[in-house]
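Peer 1: So the chains spell out like this:
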Amino acid sequence: MIKEKMFKWLNDLWPICRSITGKGVRETLIYLKDLLPDLKILEASSGYQAFDWTVPDEWNIHNAWIEDEKGNRIIDFKNNNLHVVGYSVSVNKFIDLATLQSHLFSLPNQPDAIPYVTSYYSPEWGFCLSHNQRNSLKSGLYKVFIDSELKPGVMNFGEVILSGENKKEVLLSTYICHPSMANNELSGPVVTAAIVQWLKSLPRLRYTYRILFIPETIGSIVYLSKNLDHLKQNVIAGFNITCVGDDNCYSFLPSRAGDTLSDRIAIHVLKNIDPGFKKYSWLDRGSDERQYCAPGVDLPIATIMRSKYGEYPEYHTSLDNLSFVTATGLEGGFLALKKSIESIELNCIPIANTVCEPFLSKRKLYPTLSKKNSAIETKNMMNFLTYTDGKKDLIEISNIINVPVWKLTNIVEKLKKENLIKII
Amino acid sequence: MIKEKMFKWLNDLWPICRSITGKGVRETLIYLKDLLPDLKILEASSGYQAFDWTVPDEWNIHNAWIEDEKGNRIIDFKNNNLHVVGYSVSVNKFIDLATLQSHLFSLPNQPDAIPYVTSYYSPEWGFCLSHNQRNSLKSGLYKVFIDSELKPGVMNFGEVILSGENKKEVLLSTYICHPSMANNELSGPVVTAAIVQWLKSLPRLRYTYRILFIPETIGSIVYLSKNLDHLKQNVIAGFNITCVGDDNCYSFLPSRAGDTLSDRIAIHVLKNIDPGFKKYSWLDRGSDERQYCAPGVDLPIATIMRSKYGEYPEYHTSLDNLSFVTATGLEGGFLALKKSIESIELNCIPIANTVCEPFLSKRKLYPTLSKKNSAIETKNMMNFLTYTDGKKDLIEISNIINVPVWKLTNIVEKLKKENLIKII
Amino acid sequence: MIKEKMFKWLNDLWPICRSITGKGVRETLIYLKDLLPDLKILEASSGYQAFDWTVPDEWNIHNAWIEDEKGNRIIDFKNNNLHVVGYSVSVNKFIDLATLQSHLFSLPNQPDAIPYVTSYYSPEWGFCLSHNQRNSLKSGLYKVFIDSELKPGVMNFGEVILSGENKKEVLLSTYICHPSMANNELSGPVVTAAIVQWLKSLPRLRYTYRILFIPETIGSIVYLSKNLDHLKQNVIAGFNITCVGDDNCYSFLPSRAGDTLSDRIAIHVLKNIDPGFKKYSWLDRGSDERQYCAPGVDLPIATIMRSKYGEYPEYHTSLDNLSFVTATGLEGGFLALKKSIESIELNCIPIANTVCEPFLSKRKLYPTLSKKNSAIETKNMMNFLTYTDGKKDLIEISNIINVPVWKLTNIVEKLKKENLIKII
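Top line first, the protein sequences correspond to chains A, B and C.
Residue numbers are given in this note's numbering: position 213 of the first sequence equals residue 213, and the series is strictly consecutive.
Residue numbers are given in this note's numbering: position 61 of the second sequence equals residue 61, and the series is strictly consecutive.
Residue numbers are given in this note's numbering: position 414 of the third sequence equals residue 414, and the series is strictly consecutive.
With the rest of the complex left out, here is chain A (with noise of 0.2 Å):
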């Protein structure tokens, strides 16, 4: 089942050392690209320049620690990879406790939680730690020792592209660039990775399809500034794709625009399928919709979620586990966004070929009998043929008559095949 195998994905992907560079997101490529035959490993190298960003040396991380007096290892980056602040520079050198404390990061609110803290663009070297247990040091002499190395190298990401039928375009964007957190990030590429794989098994895509695995940030810059046209011609819908496995209610965060077909699909999938989902604003982004929507790319991506990045407590911390996500709440995740790939292609603007009401009844598709009430059938069909004038389209309908798209597809192909209604 689709829920197992990406919970088994998440699993496999869950102990490597992932940074915006380095080995960690080419481990995760591969590995990514042994599901996905059509994933492109791509790469930038360090000094590219995208726009006024430069991607930065590239960072690999061999081992770490903290040793006291007696020579008992107290933090080790092999326990947890959160242990060590990303991109921290190497270091070996015995350190007071005082000393030691400004290279610290705690969470006093969350003393059982290793937090997530990284300095891409300075360099510095630091651990994190539970406030428990930085609580529970002793003054005197620490042994600090960091083996990483920081030079010249690449950053990688991925792309997949599905042709369809049409040369428009859908975008899902994904990111691989934390270390070992469940809910953001690891959610994210596991249910594009599932979500490609579902694509891949459809008889026919009407819309091609871009899927990319990036670096969050740096990433879609870099991206963006290899492909801008291209993007802002084709690109009519999308998604950026993460924190879609906890087993929360929904969140919306909406494109800078608001009113763009991403957000109308969205809004409609989510309304259906938890009514109480949570609708946050633009003003809440905090990924890579950052970018994609920013003023001059103007992208119409949204972002469908569980819990929302920065708005659960166990959000970039050692919390943020394979306890926290679940294989119902990947599944979630998934649907969500299945659902609304498939209302967008799905969605298209009827027009009726009639003058006033059709004759059903001749048809088969009304009842012969005129009692006082009528089926919910007949009603759809007759509230969406009321509809029908040509300026609206399917999503705009359902929102309307109240019904999920994915219900009037029956719907449209009978009035279709009865030569009731065209296509515009």
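Quick caveat, the hints were computed from the structure, so don't treat them as lab data.
Just so it is clear, CB atoms sit at the ideal spot from N, CA and C, and this is done for glycine as well.
Keep in mind that a hint or two might mislead.
[Unchecked claim] Sample of chain B residues at the chain C side, in silico, Cβ under 10 Å:
no., residue
1, Asn353
2, Thr354
3, Val355
4, Glu357
5, Ser361
6, Lys362
7, Tyr366
8, Thr368
9, Lys379
10, Leu385
11, Tyr387
12, Gly390
13, Asn402
14, Leu420
Place chains B and C on chain A using the hints.
Peer 2: Only chains B and C this time, still in chain A's reference frame:
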């Protein structure tokens, strides 16, 4: 008095067994022509093709009853013309109770009511009766007898045209195809007839009035098929007139577009005469507005009702009778439509002839003594004047300044006389 | 301090008996010219035709009183200039109490207050007094004496023009035609004078400022009749300044259009300095905005007040006095208008110079260490940047990101310095 006159007409028309074709419609039209000499009785032959529809054969019924084994006539069409399913074919035979049951219609939730059932487009026969009576039927043989004819003939409908100074038209449509039911439908033709008499009595009509008495659905489709281009070019407003005879609060059903002149007028009138009126949506439609506002037809037709069809328990049963509809109920329906038509006739776009406020004191339209509060009429005049910018019609100004349009007539006349405004 | 300065001016101007013409207006303008050397004192002659209006004769009053039979002076204009109905003609005779009553004005619901009454456009005479005093009058003869003149002369008004870098203008208008009342009206000219002094003190003005001290209604109509084309071409925003001196919450009266720059500025300022401010509608208008926003004039004039005219019980009575208006109340009025003018000066349309988010870390505008929460200034800067799409002005962006426009100044300056945005 008009209300008694209308109630008498309703009583006179009550016993006639109407259907979408046949003698009942003709008798009804002949009765109306006696009240409205301008009425033209028109017809479309069986087989006439109107868009996707075909005028059916003409149906007439002479007699119908059920007798039990002992010859007791337990159901007789002569007692209530709802007893026979509309368009029933002839039958004359003995059948057992079980077979009879499949031809009977009753309402378990309204055990005293005889339901109204039709089968225009499929040859059936059937009887309608109260659920209480149905429950009392004993097993045994029953003689079922229906003497009806279904053969090529005509579908009749009536048309009144009252020419005004302007070729632009107001369309009023009501239907005459139901047997003995009072609110839906006899209140419609009765109030419409009173409106026609009132229009005829006016010294001048600004607009031309086109008033239709037609069988519902097939009648409006046939009429549209013969007059579509003319109507689309000329009709500026109009109402479907139905369910205007009971004493409950007013109801409003918008046009499909929802913002036509008719919608604006109806909402303006109703909120000023009955602020608690019920506002339905286009999804609640169910009468000839379905055709008048169909995609591609798009006439500006709204509906002002008392209790809306489909929403009151007596609807389409024998309980929709001469007790449910009253003389005062009909008068209320008449007055709302009269006020709506008066508002259409009054409506115009005024524009100020002065820059800044005019000096009203010298024209004795403003008090010379300035004290803390000013009179309501002065306030209404000043409020009216401040919106005479040539962009807003009377209805819009009335809504903004919260005064019914009919209370502005006097102000408009005074200001026109003083040459302070002109009408665009 | 400015608040004490304003309160002194108000006390100085208090005793003058102003009307729409006459010495009181001139004395007031001469006092203001002493404060504002740029003030030009202008005039229109009696009989001057301004659109539909005519400047009336000039009225001056020397003395007025009522004595009882014993020669007790029971009412004396010298005690309170509200005692005489504005524009009263001369009178000097004995009359009985019944006759006197028809010339008396009092307020039964405010028995201690002397009302303010005028009769500019009809020759009358009358006295105003407290209802308590009126009730104490005994029958008998009274001597009524008014020594006034009504003859051709001039109507005076004042104009200050402060040239800015741009010929586009901000119009400020206040009125100087009421006798001794403090909130309506003296707070208006006093706060406006302080605004003029502040504007003069600024190193640069982006816009040109046109500030008017005029008699209400006839003054604005005369001014418009002389300057309409220029004002329509140049005024981009402005305020009618009145009722800005008491200590109650702020009030807002929109322009007739309701969405001009002035409306947007006023609402932005008020919601940020007094979220509970009262929002009136154009239907509540009552001062010179009636002329500035009349159809065909349509200047963008809104009104920011403390307690709105007509809405506080002291309005247009002797209770609108030097206790009702306070130094802090005037300061509040001054500050709201100052912030509004500053917001107009600041407002602009920024557009980003980069594609995607700029790389702020390298400019030390963003923390290099990425942790769970970010600082409020960083958040405001990122939120500001995401809306620099060249379509939104500062006010719109401020409203969206929920930060007062004056807190964006610093951000705008930093980003301009870094060449990350430019101003359209």
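Peer 1: Confirm or reject each hint.
Peer 2: Going down the list of hints, with the structure as the test:
1. For Asn353 of chain B, the interface hint holds, the least distance from its beta-carbon to any beta-carbon of chain C being 9 Å, beneath 10 Å.
2. Using the Cβ-Cβ criterion of 10 Å, the hint placing Thr354 of chain B at the interface with chain C is satisfied: the shortest such distance is roughly 5 Å.
3. Proximity of Val355 of chain B to chain C holds as hinted, the smallest CB-CB distance being about 5 Å (cut-off 10 Å).
4. A distance limit of 10 Å between C-beta atoms decides the matter here; for Glu357 of chain B the minimum to chain C is near 6 Å, and the interface restraint holds.
5. Among the interface hints, the one on Ser361 of chain B holds; its C-beta lies about 5 Å from the nearest C-beta in chain C, closer than the 10 Å criterion.
6. Hint status for Lys362 of chain B relative to chain C: holds, with the closest Cβ pair at about 7 Å, below 10 Å.
7. At a threshold of 10 Å, the smallest CB-CB gap from Tyr366 of chain B to chain C is about 9 Å, leaving the interface hint in force.
8. Look at Thr368 of chain B: its Cβ gets to within about 4 Å of chain C, closer than 10 Å, so that hint holds up.
9. Because the smallest distance between the Cβ of Lys379 of chain B and any Cβ of chain C comes to about 9 Å, under 10 Å, the interface hint for this residue holds.
10. Taken as an interface hint, Leu385 of chain B checks out: its beta carbon lies about 8 Å from the nearest beta carbon of chain C, inside 10 Å.
11. Residue-level restraint check for Tyr387 of chain B holds (minimum Cβ-Cβ distance to chain C is 7 Å; threshold 10 Å).
12. For Gly390 of chain B, the interface hint holds, since its Cβ comes within 10 Å of a Cβ in chain C; the closest pair sits about 7 Å apart.
13. Because the closest C-beta pair between Asn402 of chain B and chain C is about 8 Å apart, less than 10 Å, the hint holds.
14. With a least beta-carbon distance of about 8 Å to chain C, the hint placing Leu420 of chain B at the interface is held under the 10 Å criterion.
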